[in-house]
Amino acid sequence: MSAILPATDTPFPDGQLVMVEPVSFTGTGAEYFRIWITNTFLSIITLGIYSAWAKVRRTRYFYGNTRLAGASFDYHGEPKAILKGRALALLLLVAYQLFSEMPGLLAGALALLLIAALPWLIWRSLQFKLYNTSYRSIRFGFGGSVSGAYVAYLLWPAIASLTAFLLAPMAHQRIKRFQHSESRYGASRFCFDARVGRFYMLYLKAFLVFMAGVIVLGLLLFGLQVALGKRGMALEAYGGTLVFMAVLYAWVMLMYPVFNAMLQNLVWNHTAIGPHRFESRVAPGRVAFITLTNLLAIVCTLGLYMPFAKMRLMKYQLESVALLVDGSLDDFVADAQARAGATGEGVADLLDFDLSL
Amino acid sequence: MSIHAAYFDGKTSRRYRVVLTVEGDVASISGEASRRCPLSQLRVSEASRHGTRLVTFPDGAYLEIEDREGFARMLAATGHTDGLVSRLQQSWRATLLAALAMAAIIALLWRFALPVAADLVATMLPSSVESRLGDATMQALDARLLDASRLPEEQQQHIRTRFSTLAASTADTPHFELLFRKSRIGPNALALPAGRIVLTDELVLLLADDEDALMAVLAHELGHLHHRHMVHRLVHGAAVGAAGMALFGDASGLVAALPPLMLDLHYSRNAEREADLYAAHWLKAGGLSAASLAAALERLNGAKDDKPAYLSTHPATAERIARLCKLR
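Quick note, the sequences are listed as chains A and B, same order.
289 is the number that the working numbering gives to position 280 of the first sequence; each next residue is one higher, with no gaps.
335 is the number that the working numbering gives to position 152 of the second sequence; each next residue is one higher, with no gaps.
Just so you know, the hints here were simulated from the structure itself, not pulled from any lab data.
Don't take each hint at face value.
Which chain B residues face chain A? A few, computed with CB under 10 Å, are given here [what the hints assert, rightly or not]:
1) Thr235
2) Arg236
3) Ala284
4) Arg456
Every residue, glycine too, gets a C-beta built ideally from N, C-alpha and C.
So here's chain A without its partners, still in its complex pose (with noise of 0.2 Å):
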């Protein structure tokens, strides 16, 4: 499974061997279908109670078919401490239901108040989530502060916004940034050396393509009408603006994996452990077709594939991901004063955040 490779990367200027060590990932459609369907069946006649349960068994099920050099993953969340998180969640939700109802002041107070907490929110789900992963008996863990936290999180958007979004892609870079360098395995740090020129010309890139796209369609379309129009079946202006703005949404939607597939790489690429280093190779336009059958599939059997479509994405997603082992694995030591709390990660899992971890 691994193979050596003389190092002619600039990350081993002394020229020594490096392994390869590619991630892989034996998780398939028909066993996630099966504890897809166990686990909500479960979730809804406990009312919902069981659903953290749930999430520790597919997340274990997840983690334990992810092998990296002859190792898996495990995880070890409690379900009772998601369900108390799940549980603040909702409580927060129904709050904010209930008093979005009341006068302006007051439902504008308790935005801020939910934005103001945000940070603090994720801050927890990181501890919690890395903290309850580990890999070779070492587990994870997050040192960032909740400082931090509140910089990245909050800070950093805000200035984006006030910019008109021009320092969006810094933002972006300093939250990575927070996630990636603050990230532990056992007492030893991640490091992450990715500059913010690279998240710049990360979004340069995803608007040329984004552009492109748009042209293409848009003279495809108009080559369609005019061929039609010789035949005289050509639609009326507003039904080729419909036609036109479905297939431009279409084309949104496809936008939200290649960035994501890009955003891997870039991010990966420049994150380290000690000597070794991480090695992203997703093909954006890979993702894109896997994402586009992926929800022909789901849509043509009424939900059915969706286990399958999320195993097969995982899979190209992980299995795309390579470790560059500098020397021997053997050597991390477990950090013997990590602890986390619990209540982010419910919280975070329910209101839906994309953590890209």
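Dock chain B against chain A, hints included.
Showing chain B alone in chain A's frame:
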């Protein structure tokens, strides 16, 4: 009985190659590391088709076992059985049963529990909330779709008077307020939360020669008010939307929104039928005929073409007319 395993001690990331042996009630490992532990203190991870299995010691150290068959035999010999959920997950038959039961439960909840819940919410909803809902809707409509009416004041007054007289002759006419607007979307009439009925100039002109038909359309809107369809539909939409998100949110927001959309359209078509029925009775009580509503629908239908029934907010006009004719 013994099998190969990898041992991780919880202190470093080192992978120790070991052999796991079970003798009586005690498991022991030997090789690059050695350790003994009573079986009762070990925790075994759930089986999966292709994944490895973990045997965890009380202190968090664990064994990772790739030899699935060998380990299954070892577990069987020690009398270990997988948990109930784990066994259900591995069985296609249990999965199929769970899927069928789930479909049945969801269908029953939607069919029987949701209408009751929506009724409850509608009754408990403070009238101030409903009227604010109505105000907000009206503002949005005025901003995007409606302009001030161009109908002469006396014509408006005439319609108002006729409709109020009819309303006075029926016992359970809900509270209403009739508003005239010029429309950017053709002839239409709308009922909003908290009692507003919006009548467009275009509709008044379309039915200028048949005032009974105009009254019938207004009666239909009264039906929406009577059944409080708008509030019900909001509750219904929120419930099916949340359910869609919970079931299919994993895949994509778009996919998760499709089933709720179909159900919402279904709800809307049913609401139209209910409003038609109410209108028919209301008209009869006022000395008019349900045929007036049928006539209005026929005229309105001439103004637009039909979509497939399941994609439409309203039932097919022919179906509605046939129903109304049966009521006469």
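How the hints compare with the structure:
1. Thr235: Constraint on Thr235(B) satisfied, holds at 5 Å.
2. Arg236: Result: holds, 8 Å to nearest chain A Cβ.
3. Ala284: holds (6 Å)
4. Arg456: violated (26 Å)
Comparing the model with each earlier hint shows a violation of hint 4 alone; every other hint is respected.
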